[in-house]
Amino acid sequence: MRLISFTESLNTRIGLLQGDHIIDLSQVAPSLPSDMLSFLEAGDGAMLQAAKYTSASGHYSALDVVIEAPLARPPKILAIGLNYRAHAEESNMDIPKHPMVFTKQATSANGPYAPIHSPPETQMLDYEGELGVVIGKRCRRVSKQDANRVIA
0 MRLISFTESL NTRIGLLQGD HIIDLSQVAP SLPSDMLSFL EAGDGAMLQA AKYTSASGHY
60 SALDVVIEAP LARPPKILAI GLNYRAHAEE SNMDIPKHPM VFTKQATSAN GPYAPIHSPP
120 ETQMLDYEGE LGVVIGKRCR RVSKQDANRV IA
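Quick note on numbering that gives the first Met the number 0: the sequence shown kicks off at 0 and runs consecutively.
In case anyone wonders, no lab produced these hints; they're calculated from the structure.
Keeping only pairs whose Cα atoms sit at most 27 Å apart, straight-line, the calculated DSS-like set for lysine-lysine is:
#1 75 - 96
#2 96 - 143
#3 75 - 103
#4 103 - 136
#5 75 - 136
#6 143 - 75
#7 51 - 136
#8 143 - 103
Label pairs and their calculated CB-CB ranges:
#9 95 - 125: 13 to 21 Å
#10 143 - 63: 32 to 40 Å
#11 140 - 85: 22 to 30 Å
#12 57 - 151: 18 to 26 Å
Keep in mind it's a predicted model, so treat the numbers as computed, not measured. Ideal placement from N, C-alpha and C gives every residue a C-beta, glycine not left out.
Build the full structure now, drawing on both the sequences and the hints.
Spelled out as structure tokens, the structure:
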């Protein structure tokens, strides 16, 4: 199940992405929260209810809506620097013995096709595409084998 946040007719809500079509959860399951953060906070019950509609017909073409960042203002963004060998090597940096964890501001979340703001005084814009994973359950020290159980 691929959950997305999307905007259509100036209304942002959540949907299920099925190929190139979107099933609008606000239409098929109006009792579910309409924003991603509230939906995730609703827990497994909301996920199970949404999963019932994965085979519904699509309401919108993905080309006719704006696909947004999954969470417009995530409560927390944790990042890990130099988290794969090729990046460390291209940066001429040693591979860290321990993860280099840092945070980002909630306002740094951006939709996949949204422009990146570059102030006019910027002399060099350093951007990187980042893989984002939304953790949907409270967890700590999750094993590699159990990781998919906590991803929303």
